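Undergrad: Protein chains in written order, with my numbering: chain H, 1 to 175; chain P, 1 to 433.
Everything labelled a hint here was simulated from the structure, so no lab data went into it. Keep in mind it's a predicted model, so treat the numbers as computed, not measured. Be a bit skeptical, because a hint or two may be false.
[As the list claims (entries may be wrong)] Just some of the chain P residues that point at chain H, by a computed CB distance under 8 Å: (1) Val262; (2) Pro269; (3) Ala336; (4) Glu379; (5) Asp398.
[Said to hold, decoys possible] Derived coverage of chain P by chain H (criterion: at least 3 residues anywhere in the stretch with Cβ under 8 Å from a Cβ of chain H; other residues may be distant): (6) 198-208; (7) 216-225; (8) 246-252; (9) 290-301.
Beta carbons are placed, not taken as given, at the ideal position from N, Cα and C, and that holds for glycine.
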Amino acid sequence: MKQLTVAGKVMTLLFAAVFLAACSSKSTKDDTSAADAAAAAEAAARSAAERAAMEDGAMSERRLQDAVAAVGNIFYFDYDSSTLRPQAQEALDAHIALLRTNDRSVRLEGHTDERGTREYNMALGERRANTVRDYMVVSGIASFRIETVSYGEEQPIAYGAGEANYSQNRRVELK
Amino acid sequence: MKHLTAVLVATLIALATTSARAELVIEITQGMDNPTAIAVVPFAWQSGGTAPEDVAQVIDNDLARSGQFDPIGRGDMLARPSTQQEVFYRDWRAINTEYVLIGRASVTGQVQMRIEYELFDVNRQARVLSGYEEGHVNDARMLAHRIADEVYETLTGIPGAFATRLLYVSVTRNPVGKDFYRLTLADSDGARPIVLLESREPIMAPSWSPDGKHIAYVSFETSRPAIYRQELASGARVQLTNFRGLNGAPAWSPDGNSMAMVLSKDGNPDIYVMDLRTRELTQLTRHYAIDTEPTWMPDGRSILFTSDRGGRPQIYRYDLRSGATERVTYEGSYNARARIAQDGRNLVMVHQAGGQFHIALQDLVTNRLQILTGTDLDESPSIAPNGSMVLYGTKSGDRGILAAVSVDGGVKFRLPAREGDVREPAWSPYMSR
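Extracted from the complex, chain P is given alone in its bound form (with noise of 0.2 Å):
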């Protein structure tokens, strides 16, 4: 016990020292009109001292931020079960519950834990998942995020993205001198930040490995933009490109042995690709006109990426085995930054509509367009792996803040910072275990 309690002060003071500027506070603003009621139970610690983490109260908010939920407040809960035995339907259906979840934790090893869980359908009376979680005290609150998944995919039929992690670019304005950059990492419901890179100058463009063990971004801590790559486990990095003019919009290949970049080393911003492995370069398009931010499509086969080609910004397609370009977007006189979900059919962009910039999204096989926010200055959107929600940078009064819009628009919330500018959200792919 007394080697946790250190292990614990120990966490609470890295905690407190990673920079509480860049931590994120969640505000739901929009819900689905009839939200499933769940009732999340304060989980049984079943070790000496405190829990280290509230776990029920971390899978609670996870599901009340996917608006499909509408959690039971603890003040309401008739009974408090933490076994199977302890759960009486009638208490629940007594608060108009539709599902229960409860649990147990407790340590194992000497900083280990074990959270062991288990969800009820009030309506057919029966279990219908149980499971249990173990890792590293440290992590209660990614096993808690991977129970919310389980029971989110048990009731929805989608995977769920919660045990999944944030980057973001915030910044603190200086008055009296050059402003503070920081690229942030945060788990996905903004807890727990971790500032990877702090600079005088701007940093641009954070982009996940599809394995989400590596990190590329822009950095002008030489005086000029270079794409870095680093590893998330180590904080190894490496500099992939100094060339002259922009290097930038660093994208990885879904295989992960290529990345997709922004050049203008030859006068003109054009679409490169750089083999990983031997850092050789392939040039995509040759055009005068601006081709920047490009995203690979899932197959891998083909990059979207956004040209001024012709005469105002719209997304095309290149395919790689042919050299053929494409455009997809017509709808509108501006349409740029896309991002496609893994099922290759969402395609996420800025999209302009009576002067403001919104997000919008382009079925790509309908080609319908739906425009999913009624916000001005709508920017960078990054779809969760899961295809749900769109997480994007937004303005509120003359502050950058990150907002969420689920795929149907039916869902929103905001992501502020408790201080500072934030912006460039990239939501990380499933991170392996």
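Isolated chain H (complex conformation) (with noise of 0.2 Å):
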């Protein structure tokens, strides 16, 4: 999100520098003059824009680690499911935006609840891994940077039976 929002702030002081021009081009005949005009213009918005850009980093970065901090590093699923929840979304959402700053590589690590085979839930932690690694590449976070890998039942965070625990166990922890 942060790359869009400032190529969005470039492109809105430069439109306001070409309009100035483009102002300033009616009030004198002299069409050279107007060209440099708006060359000085543009330039003194680009680096205005940079200037802001760099604030903008420092700043949204801090915002962006915040963001993360958050949200936590677990993304919970429904049982003997997949997909990821709307709530699991946004907090990985906040992960992507963090990790277009940077080129840290990330371990998904996919867990179920106790019920269901051994064998069936490593491979039902591996698709939970898997769904979180596709968002995350469609979200533009390259494939090479994401390992995935699946520990079925076998960590649990929470003993015991009945969903109060189940529901903390089925889930992918960003690491």
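Two chains, two separate frames, one set of hints: put the complex together.
TA: See below:
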């Protein structure tokens, strides 16, 4: 999201510069001086945009990190499902926004609850990790930066039976 | 004698240090309605010092655990004969005993022992079995299990499976860090546990080579799952796979030359077979569904596996010659992780009914399905080599324990660990001597 925002700001400033240049050409017949003025305005706008982008970058990186910290690194799933929940998608968007600003590699660890056989759960955990990976790749994160591994039901967060425990264990952890 | 004592002390030290945590305890929960009354008389020790093992007690426990026998308590015995001349049938009729097993054990050579045994039929007043077992004193328990096998076969007509071994995975939870995973080898009664592998990362899917000399398992020790093969005698091991994605569920072919496994290196879990001599891989299934949990039919001609290609997990059979796949299970919406008895007929699996996961048996001739267990979260069934019992993992509270049920559902026992969780039992084939 950050790149789009910066590009948008640059476009707005450039548009303003061109508009100013067009206005000045109306008040004088000298095309050359009008062109010079337009170029100067454009250059001024550009450096202003770059400064804005840099400040914006530093600020938004902090903001993005805060956003990632707020959503956490665990995305939860429904029983026997590998479909991303809407809130997991939102949380993932925060991570994707931050990953766009760096070249870090991530590891996605897929987990399940204890119901069902261990090997089937290994496959289900892999499906969940792959769902998260595919969403990240579609959102522009290069696939070579993403490693997936399934732990099936082998590493629960919450021991014991019941949905309260199971729901905590059906997850993908981003590390 | 001095030498023997040294050996015994060394044995005791070895036993004490092989992780008491992984040791199993046996609790019989359900036996047959009319078990055979048998007296296993304490065996006479004919050498100096004390016997290295209470051989009769090991046999007694084996027979009791089968659920088919009701051993007479030692306190109820009116006599303790150790030779045929000392057996008086009236002593045993008086306490309603049907069979009497007696024996004598002694040291032969420096570390060898010999156990002689005789089995008497009280009603027919006749000796029905006699024999002896010889071996290393450290293997006294295994010699006892072999005698139990002989007695069991004589009285039931079915070969015994006491002189076999178990593999299982145990986990000790660590609240402040990573858990401890252990792969343990033990006798069929849970005694003499030996930790084969210890790791802070998961260990899964232990399985046996058909000759019982090698094992295979999955270990995450490299932070990713990989299949390893390990020789039991030397401990030497080889990493067989290191593919991207799943590397799971190794299953040896009946001839020992190939291994079926699950790989998802091409994006999706499919069944593959590796030639163990050339390491060449053959892909059997190509389906966007989950294909997993392969196991070989005893004739080696087809492979059973779990697939959710029909929407829910069911058991399918892949014919290795024709390449055809057919569905095997139809009853219920969840049937997974099949294991087949040596007769090629009794198929056991995890079956969901009423929201719970039980162990069920499907007769492949009649296709009749019978649910064997009444507990929930039952999984990882493994059949004894004589086809009599099914060992599986289940839950007791929030702890994983092992349990066993006879293939007719009539006999049940539990094998909780003294500490920690136990899971994924793998019953060995018959061990070559």
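Undergrad: Taking the hints in turn, state whether each one holds.
TA: Verification of the hints:
Hint status for P/Val262: holds, given a least beta-carbon distance of 7 Å to chain H, under 8 Å. Checking P/Pro269 against chain H by beta carbon gives a least distance of about 5 Å; that is within 8 Å, so the hint holds. Hint status for P/Ala336: holds, given a least beta-carbon distance of 5 Å to chain H, under 8 Å. Annotation: P/Glu379 was flagged as interfacial toward chain H, and the flag holds, the nearest CB pair being 6 Å apart, inside 8 Å.
Hint on P/Asp398 holds. Least Cβ distance to chain H is approximately 4 Å, under the 8 Å limit. For the segment 198-208 of chain P, the assignment as covered by chain H holds, since 3 residues bring a beta-carbon within under 8 Å of that chain's beta-carbons and 3 suffice. A stretch counts as covered by a chain when three or more of its residues have a beta carbon under 8 Å from one of that chain; for the segment 216-225 of chain P and chain H the count is 4, and the coverage holds. Figure legend: the segment 246-252 of chain P, annotated as covered by chain H; annotation consistent (3 residues with Cβ-Cβ distances under 8 Å, at least 3 required).
With 3 residues having a Cβ less than 8 Å from any Cβ of chain H, the segment 290-301 of chain P passes the three-residue criterion, so the hint holds.
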